[in-house]
Every structure is written in structure tokens, then in C-alpha cells.
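2 protein chains.
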Amino acid sequence: MSKKIVIVGAVAAGPKAACRLKRLRPDWEVTMVDQDSLISYGGCGIPYYVSGDVSDESELRATSFHVVRDATFFEHSKGVRVLTQTKALAIDRQAKTVRVENLETGAQQDLPYDKLMLATGSRPFDLPIPGADLDGVFTIANLHKAIEIKQRIAQGKVSRAVVIGGGAIGIEMAEALTDLWGIETSLLELAPQLLPRIVDWHFAAMLKKHLQEKGVAVYARESATELLNDGQGKVCGVKTGQRTLEADLVIMAVGVRPRSELAKAAGLDVAPWGGIKVNQRLQTSDPDIYAAGDCIAVTSLITGRETYAPLGSLANREGRVVGDNLAGYPTVFNGVCGSFIMKAFERCIAATGLTVEAARAEGFDADYALTAPADRAHFFPDQAVVILQLVFERKNRRVLGLQAFGMMNDSISARVDTAAALIAKGATIEDFGMVEMAYAPPFSSAIDSINAAAYVAENLCDNRLRQIELGRFLAWMDNMASEPDWAVLDLRHPVEAAPYVERYGAERWIAMEYGQVRTRHGELPAGKTFILLCNAGPRSYEVQVFLDHLGKSASMVLCGGLNVISRLDVDWLLK
Amino acid sequence: MSKKIVIVGAVAAGPKAACRLKRLRPDWEVTMVDQDSLISYGGCGIPYYVSGDVSDESELRATSFHVVRDATFFEHSKGVRVLTQTKALAIDRQAKTVRVENLETGAQQDLPYDKLMLATGSRPFDLPIPGADLDGVFTIANLHKAIEIKQRIAQGKVSRAVVIGGGAIGIEMAEALTDLWGIETSLLELAPQLLPRIVDWHFAAMLKKHLQEKGVAVYARESATELLNDGQGKVCGVKTGQRTLEADLVIMAVGVRPRSELAKAAGLDVAPWGGIKVNQRLQTSDPDIYAAGDCIAVTSLITGRETYAPLGSLANREGRVVGDNLAGYPTVFNGVCGSFIMKAFERCIAATGLTVEAARAEGFDADYALTAPADRAHFFPDQAVVILQLVFERKNRRVLGLQAFGMMNDSISARVDTAAALIAKGATIEDFGMVEMAYAPPFSSAIDSINAAAYVAENLCDNRLRQIELGRFLAWMDNMASEPDWAVLDLRHPVEAAPYVERYGAERWIAMEYGQVRTRHGELPAGKTFILLCNAGPRSYEVQVFLDHLGKSASMVLCGGLNVISRLDVDWLLK
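Chains A and B supply the protein sequences, listed in that same order. Add 5 to a position in the first sequence, counting from 1, and you land on the number used in the working numbering. Add 5 to a position in the second sequence, counting from 1, and you land on the number used in the working numbering.
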């Protein structure tokens with residue numbers, strides 16, 4: 006028997022559910038409503054539209070066969086009715102109707118439903134600061150805003166921009182403005198680091214350094230306190246606690262919040278922070294109402310706790326699950342690892358699962374293996390260093406997360422995606438050590454970087470490898486007097502080590518090449534704690550094991566070595 | 006208490022085990038013997054050395070910090086004694102000694118061991134044909150052969166080459182010769198396809214077409230019967246059943262066989278095909294003797310049966326497991342998926358698990374989902390089509406394998422590696438549908454290609470999608486009279502369909518654009534079985550569902566559509 010399905014929201018989860026449902030139940034009546042005129046677009050593509058990589062906004066709304074996904078497309082190709090510029094005002098759960106208003110005509114009507122889906126998405130958080138409503142101040146709320154930003158740029162109206170918010174969208178927008186339009190761009194982030202909660206501080210520091218090299222002025226621990234008016238209602242600058250930045254364009258990208266007012270008003274369970282609560286079948290507290298996408302609370306596959314993951318990819322997967330369940334085919338959505346990836350100029354940064362910081366905050370006995378191998382066979386021409394960090398629980402050896410920073414290509418995808426697949430299955434360090442990465446020199450190493458990271462983690466868990474935390478090392482470099490007995494033992498080629506020895510003195514910076522330690526260890530001064538240093542870490546570990554064997558166990562390995570240190574936005578290398 | 010460990014073979018598994026063991030047991034005496042003078046090299050890099058991508062052979066034997074891994078390196082840096090040019094002649098399991106001979110001096114000695122490891126590797130199969138011993142005929146047996154090949158080329162002695170064997174090494178060598186040296190190269194493969202048993206025929210056909218476009222003459226179903234002598238002991242041509250090819254260089258790359266004579270002579274269990282039998286701890290039938298690398302039989306994680314997987318990456322992982330077990334830390338090696346990847350000019354081809362053909366031969370109720378999506382967001386500038394095929398069991402929905410063919414970048418690594426991680430855990434189609442691939446437009450699609458392939462598999466299993474096997478479609482295209490009631494229903498843009506309609510006639514090739522089917526389906530002729538065709542497949546599936554709903558259920562989807570067909574090495578497009 007045909008049923009009536011109403012879907013509120015037609016960007017990602019909504020259309021996916023609608024189309025899947027129509028394929029499963031071709032005779033059901035499916036109606037989508039959306040308050041916008043532009044629907045079913047790839048919101049994650051907005052920075053690439055602004056940059057010019059994507060030349061026309063309609064490409065973000067087109068199928069792979071170049072047909073624009075508008076109301077007519079859904080009607081003709083999918084058999085789904087779409088009411089655009091139509092706002093859902095209220096749900097009457099008793100009568101099972103949704104009151105909607107046509108925003109052009111003001112006409113209202115009640116849409117009856119057998120089952121309802123909420124795919125109301127998210128809205129950007131508006132900073133409550135003076136000047137937030139000035140002309141030239143934008144959030145990346147929808148495609149209209151993106152079109153307006155690009156028009157201003159294309160008309161030559163923008164020469165200086167400030168992006169507020171160092172999350173993915175903020176960074177992508179900063180790149181778009183700087184790289185392709187040559188706009189002088191500053192990026193402000195209130196937190197002490199970019200991508201807070203997504204990557205650990207040292208990954209953020211590597212990213213920051215690269216952004217700065219590419220001409221973006223990055224200010225962390227700095228928030229906008231006021232947007233300045235040029236006297237004619239247009240923004241002309243941004244005031245922070247520390248400085249005033251000139252700007253004819255300001256982009257606020259300080260995160261998004263679930264749009265869940267409709268759900269809340271209807272009496273559905275909504276988390277205090279706004280996420281609509283759903284079960285594994287993505288049913289809300291009313292079994293006739295489903296929800297998916299940026300408006301819902303999901304479950305972390307790592308902590309088992311409620312989390313927020315507003316991503317277009319998840320919205321699509323969730324939408325399909327809702328489509329199945331609406332059609333009467335029970336399907337579950339278990340939760341998320343929280344995979345993240347982004348291009349930043351010539352680099353790629355990615356993560357899945359928990360950071361060390363987040364894991365420790367969640368109460369995990371977390372540690373990390375920081376490595377710096379080649380991203381493919383080290384003899385292959387295109388190879389480059391990738392920084393890879395495995396986060397794990399020491400006690401039960403479960404892997405909690407992976408982070409990576411490297412060149413802009415897909416090699417990091419391979420490691421992060423594999424990691425997410427394993428983490429979702431509760432994999433241990435040993436699973437990571439054994440995972441079979443397809444090998445040929447143009448793609449990977451005989452010992453893949455993900456296997457190698459697991460080996461380091463294993464050695465840490467087994468207390469064979471003792472590392473010094475990166476932050477502690479940097480603090481010591483800042484004030485060597487704090488630990489008077491420490492010295493770096495630099496295992497690299499003497500030519501590489503020489504400038505450091507000269508700079509820090511042979512007391513503090515001892516050069517002894519890796520291949521000579523077995524014969525020359527007698528020369529090492531007594532009473533020192535050695536910080537073992539090489540380019541990537543493996544040589545340091547090898548030497549630590551050897552020194553331990555001699556009974557000289559006062560050593561710590563700087564995991565990741567110079568490859569990590571030299572990529573950080575810290576200035577000790579130049580002191 | 007210190008123990009004596011002897012390792013026979015010092016290329017991949019041997020050195021890995023030796024170094025790991027020395028880190029775990031620094032006071033143990035570890036001795037490696039190898040009959041060669043060059044050890045610890047990346048054999049998979051040989052084609053890139055021959056091509057010139059890797060300029061010097063020593064790079065294949067160097068660490069990432071540019072130190073050559075010779076006997077001195079192992080002695081000084083690792084504390085491992087290495088006897089090069091030393092052949093292991095026999096094992097006395099009672100006395101626990103290995104008799105070895107120094108190939109330079111002829112001196113023999115018995116090396117005592119507490120535990121022994123065999124890492125004797127593989128040898129290339131020599132074709133038993135006349136002329137196989139002529140000058141200019143090579144196998145890729147070791148680095149010396151590679152050096153000699155490259156010298157000949159660099160000296161301008163090679164203008165025409167024949168590579169016998171269409172496996173990975175043969176194809177990589179054909180590319181090296183053609184691409185960088187401009188040598189006129191032919192490639193012979195006895196089987197009906199390239200990469201037999203590694204990919205299904207249609208993937209091999211796509212690869213063949215690309216090789217031919219790049220100037221390699223590929224002859225499948227054709228074997229060398231004789232190598233021709235120029236009268237002075239040098240090869241000058243290759244005779245096959247069908248033709249004679251001129252050649253001043255012949256490379257035989259017809260597979261490798263385990264080197265297990267030493268094991269067999271010592272009475273260890275060896276499979277009839279030559280693989281040394283080991284348990285999960287990689288112990289041979291003598292608990293004091295371990296084995297790893299190209300000389301052993303491993304277990305397929307998919308079939309649970311014995312298989313052969315001579316890969317440098319596996320050799321390293323196995324070597325580490327042996328190192329652990331030798332040291333007394335029980336560690337297991339469960340088995341392999343058989344992941345494979347290779348660069349072929351501007352394309353990448355990869356696979357993990359079983360092909361459809363292999364799966365059916367193994368008795369699985371196997372089917373396949375063939376898809377042709379974009380390898381990243383379809384609106385992103387660099388995007389390109391990737392052909393992705395999921396192989397699965399219909400009954401229990403377990404995934405058995407994945408194959409991919411696309412552009413030469415790392416995006417296929419990401420999908421194949423993720424697939425291998427899942428397959429090793431016994432994952433189902435639903436796991437593939439849910440796997441969380443990190444999404445941003447430069448890297449992936451909101452619905453990742455691997456998720457999309459799983460959706461197609463799901464629809465096949467649920468009998469919602471009925472496909473026509475590719476081979477059956479091509480057979481019909483060859484002889485349309487064989488199925489007089491069949492017609493293609495071309496759902497692409499009329500401009501795309503027009504030349505086909507003209508060529509095959511409006512009876513056989515009906516053009517009706519996807520977006521018009523819901524309004525124009527009444528025009529479709531009765532009594533026909535429609536082969537639904539679009540670029541990638543999704544539109545065809547959508548239309549099949551719709552036609553089914555109308556009761557017109559005589560239709561079959563050509564999965565992968567024109568994107569697959571146009572990449573095949575078949576000529577029907579031009580008829």
C-alpha cells in the first residue's frame with residue numbers, strides 16, 4: 006500500500022533518503038521540502054568554487070552526467086516531489102502533518118505523512134560581536150553566500166580578507182582566497198592551535214607553518230572582538246585583543262550547530278547542545294520520525310558516546326539508512342570514527358578517531374607513536390616524508406586514532422581510510438602491524454608506513470622503546486638549564502649534526518654517527534641522559550636498545566626526529 | 006643465555022628477522038648467509054632501476070638515510086654477522102648445524118645453530134625452450150641481472166625487446182623498456198589475458214589497451230617456442246606459434262618458484278609445488294627451523310587454503326614474525342589476502358582477494374559489482390573515472406575481493422588497502438557500504454566509490470538489480486542475431502547516443518534520455534528485452550527499477566556502462 010513520506014531538508018541526507026526510498030518503493034509518494042531555492046549541492050565544494058577550481062556553482066549541484074539537480078530533476082528523474090523555498094514551520098505528531106510555508110507567496114499548507122524524515126542540517130555559528138551584521142561579513146551558510154563572496158572577489162572588491170576560525174572550512178577558505186586570488190589573508194583561531202580537537206597540537210603546528218609559508222597570516226589564541234565599520238555600513242577591519250587587521254571581506258567559520266528547532270518544538274528528544282537524538286536505525290524518539298545528517302547526534306565508535314559529525318559523506322550514508330528503514334527494510338547506522346581529510350595548499354592533513362589529547366580527556370590510557378617515514382619506496386623518485394601518528398591505549402593495545410601530514414596526494418587517504426576500517430572493528434596495534442597494504446615502489450614501502458607506526462606502538466607498549474614527549478623536548482630546548490644532565494645524541498651523518506654541535510656546544514649536542522655507536526660508545530660521557538635523535542626515529546630506537554644492553558639506560562628517543570621538528574612552527578632550530 | 010641463530014638468505018625476510026631479533030636479544034649471535042654478494046635489496050624496484058627512475062642500483066640496497074646495506078652495515082649498525090657469497094649446502098638437524106661453502110674460496114664449514122631460519126626466496130622459472138641460454142636472454146633473478154640489462158641498454162645495444170610473461174614484472178619491464186628507453190617492445194603472455202589469476206579478464210583487457218596505446222605490442226594466448234640465435238650465440242629473435250619477433254634483448258618473466266631444495270633435502274615438509282610448509286608461527290615441520298618469504302606456502306585468509314604469495318612486503322612482515330618467535334615472543338602470521346598493485350604507464354591497476362573467476366573456481370557462489378565512478382568529487386578538476394569491481398558471495402554476502410583500474414595516483418591504494426583490511430576481518434557487503442572513507446572533494450566523493458560499489462552489490466544480492474554479464478553483452482554485440490529480441494536502451498544524452506543509433510539501427514539501439522523515461526516510457530516497443538546503458542550504471546539501475554514497477558521487467562543493466570566498455574581492448578565500438 007502506498008505511503009506518504011515527507012522529508013524536511015533537501016541538501017544531502019534528504020535527497021539520498023528520498024531517492025533510495027523511491028527505488029525501494031516506487032509507488033510511494035515522497036515529498037521533500039527545503040526553505041532554499043538551491044538544493045542538493047555539495048557544500049564541501051564551496052571553497053573550491055570560491056577559489057575558481059570549480060568554475061560555476063551549478064557544478065556543485067550537478068550529477069556526474071552534468072544535469073543540475075533541481076526540483077524538476079528530482080520530479081522527472083527520481084519521481085520525488087520537491088517544494089523549494091518552502092519552510093517547515095511545525096510538526097503535528099498527533100495528526101501526522103507538517104505545516105509548511107511557501108516563502109515566496111506566504112501560503113501555508115499541512116503536508117500529511119505516514120513517516121517523516123528530518124534532514125534539517127546545520128547552521129554556521131554567528132559570532133556575537135559588534136559588526137557581525139556589516140556588509141562584507143559572511144558565513145559559509147549556503148550556496149548563495151558562496152556566490153556572493155565569489156562575485157565580490159571577481160569584481161576586484163576584495164584585497165584583504167580575514168577568516169575567523171581555524172577549522173577545515175576556515176583553512177580551505179583562506180587557501181582559496183590566497184592561492185588563486187592573491188588576496189592578503191589572515192586566519193584567526195581562538196584556540197591555541199588550528200583544527201582543535203581534530204589533530205594534536207604538533208600536527209596543527211606543521212599545518213600552520215605551511216600556511217604561513219604560503220602567505221596566510223595565522224594568529225592562534227586570538228579572537229575577533231569587533232568588526233569595524235567603514236562608516237558606510239561596510240566592514241573595513243577586524244579588531245582582536247592584540248591587533249587590528251584591515252579587511253574588506255570577513256568570513257566567519259567558527260563551526261556549525263545542528264538545526265533542530267523544529268524537532269525540539271515537536272517534543273522530540275534533542276541533546277542539550279542541539280543534536281537530535283536517534284537510535285541505530287536513525288529513528289527519533291517518535292518512531293514515525295527519522296533524522297539524519299548535520300542535525301543529529303551520532304555515536305562515536307571509539308568512545309561509545311554521543312558526538313557530533315557534520316560531514317557530507319556521513320549525511321549521505323545516514324540518508325541511505327533512513328531510506329531503507331522508511332521502506333521497511335531494517336538497517337542500522339552504527340556510528341562514526343570521525344574521519345577527516347583536507348588539502349592545504351601543497352599538503353594534505355588527515356585524521357581518524359581520537360587525538361592523544363582527546364583520548365586522554367576521555368579517560369583513555371592513551372599514548373602515541375609518532376613516525377616520519379617515506380610515503381612510498383624511499384628509492385622512488387617522487388617519494389616524500391609523511392608524518393604519521395598512531396594513537397593507542399597502552400593497556401589493551403587498542404588503536405584509538407591515526408593522524409597524518411604529508412604531501413598533497415592520495416597516499417594519506419590510503420592510510421587513514423584503512424585505519425578507520427580497522428578502528429571501527431576495534432582493531433589492536435597488532436592488527437595494524439599485520440594489515441596488508443598493496444605494495445609496489447610507486448605506491449608504498451615494503452614495510453608500509455602504517456605497519457611501521459604499529460611496530461613503534463608495539464615497542465612503546467612493551468617498554469622496549471622509551472620516548473620523550475615532543476612538548477617536553479621543545480620545552481627543554483627553550484631552557485636547557487631545566488635539565489642540566491640532558492644531552493642530545495645526534496646519530497645522523499656528522500655533516501648534518503655539525504651546525505647543531507656548534508650552536509649548542511658539544512656538551513649539550515653530541516654527534517656520533519649511528520653506524521659507529523657499537524664501536525665508539527665508550528666515548529660517551531657518563532652521567533648524562535641522552536635524547537637520541539635522527540631524522541625519523543628508527544636509528545635512535547636501535548641505539549637505545551644497544552645502550553640499554555650495555556646498561557646505559559638513561560636515554561629517550563625523540564620519535565619522528567628531525568623530520569617532525571623541522572616541520573613545526575617553532576623557532577628553536579634557528580636559535 | 007645467549008643463543009646462536011643462523012639465517013639462510015639475506016634479501017628481505019632474512020635481514021628483517023635478523024635485525025628484529027638483535028633488538029629483542031642484543032646478546033644473541035645472529036649470522037646470515039647468502040650466496041650472493043649483493044644483499045638486502047628492494048627487488049621490486051628493479052624495473053625502476055632499469056627504466057632509469059632509480060639511477061643507481063645501490064639505491065635499491067640503501068637505507069632511507071643513504072647508507073648501503075652491505076655486510077659491513079649489518080655488522081656495525083645491527084650487530085649481525087653476514088657471510089656473503091656463501092651457499093648453504095645442507096642442514097644437519099640432529100647436530101643442528103648448517104654446512105656452508107664460501108663460493109670464492111671453496112672453503113666449507115659447519116655453522117652451529119640453536120634456531121635456524123630459512124629465507125631462501127624464489128627463483129625465476131626458466132622456460133625450457135631452445136635458445137633459452139643465448140646471450141641477451143635474461144630472467145630478473147637478482148640485481149646482477151638487472152645491472153647487466155641496464156648496461157646493455159645504456160650502451161645502445163638494445164633496439165628491440167621481447168618480454169615473455171604478462172605478469173607484474175613482465176609488464177613493469179615492458180614499461181621500463183618502452184617508456185624511458187624507447188625500445189620497441191613486445192609482450193607475450195601464454196594465458197588468454199595479462200595478469201592471469203590476479204585480475205578478471207575485463208580488467209586485463211583495459212590494461213592491455215592502455216599498454217598498446219603506449220606502444221607495447223601485446224600478444225596474449227601466445228607463447229615463445231624458440232629463441233633465435235644470430236649465429237654468434239646472441240639472441241636475435243623470438244619464435245611463437247604465430248609469428249617471429251626480432252629482438253636483441255629477451256626477458257623471461259614467467260613467474261617464480263620457491264627455493265626449497267635445502268629444506269626438502271633436510272626432510273622438512275614441503276608442498277608438492279615447492280612451498281615450505283609452516284604453521285602460523287612460521288615454524289617448519291622442525292620446530293627449531295623457521296621459514297619466511299618467497300620460499301614458503303602461506304594461507305589465504307579468504308579460502309583458508311594454501312597459497313603462494315611471493316611479495317617483498319609480505320616477506321618483511323613474515324620476517325618480523327620470525328624474529329619475534331626466534332626471540333621467544335610467540336607471534337603469529339595469519340595469512341594473506343593477496344593484495345596487488347602496479348603502475349602501468351599512466352594507469353594504476355590493483356586487486357586484493359579473489360577474482361570472480363578464481364572465486365567461482367574455488368566453489369564460491371560469487372558475483373561481482375562493476376562500477377565506474379569518479380575517483381574524487383566529480384566536480385573537482387583532477388577527477389577521473391576509476392573502474393572498481395567488488396567480488397562477493399551472494400548467499401552470505403561476504404566480500405571476497407576488489408579490483409580497480411584508474412589513473413596513476415594513490416586513490417586506488419586507498420580503496421584496495423581499505424578493502425584488504427576489511428576482507429581480512431571477514432567483512433560483508435554491508436561493512437563495505439558503511440566503511441568510513443575520509444571525505445573532502447580533492448580526495449573522494451561524498452559517497453565514496455567503495456561505498457557505492459557495495460550498494461550495487463547489495464542491490465544485486467537483493468535481486469533489485471539484474472545485470473547482464475559483460476562477456477554476454479559483448480558476445481551479443483558480436484552477433485546480434487543470437488538474441489533477436491534484445492535492444493540497447495541508451496539513457497545518455499541524445500547527442501551521445503546518436504552515432505550508435507545510426508550505426509546499429511533504431512531497432513537495436515533505442516535512445517531515450519534518462520530524465521525522460523518517466524514521461525516517455527509509453528514509446529518503448531513491446532516484446533523487447535532492454536539492455537540498459539548509460540556511462541557508469543546508476544541511471545540504468547534507476548530506470549530498471551522504474552520499468553519493473555510498470556511491469557516491464559525484461560531488462561538488464563550493463564554495470565559500469567560505457568565507461569567500462571570504452572576502456573576495453575575490443576573493437577565493437579568501431580564496427
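Don't read these hints as lab results, they were simulated from the structure. Be a bit skeptical, because a hint or two may be false.
Just so you know, same-sequence chains aren't split out, so a pair can sit in one copy or run between any two.
Taking lysine-lysine and the DSBU-like style, the derived pairs with C-alpha atoms no more than 35 Å apart in a straight line are [to be verified]:
| id | residue 1 | residue 2 |
| --- | --- | --- |
| 1 | Lys269 | Lys162 |
| 2 | Lys9 | Lys533 |
| 3 | Lys8 | Lys219 |
| 4 | Lys430 | Lys269 |
| 5 | Lys9 | Lys155 |
| 6 | Lys533 | Lys239 |
| 7 | Lys430 | Lys282 |
| 8 | Lys430 | Lys400 |
| 9 | Lys557 | Lys92 |
| 10 | Lys9 | Lys239 |
| task | Would you list, in rising numerical order, the hints stated earlier that this structure does not obey? | result | Hints 1, 3, 5, 6, 9, 10 contradicted; others consistent.
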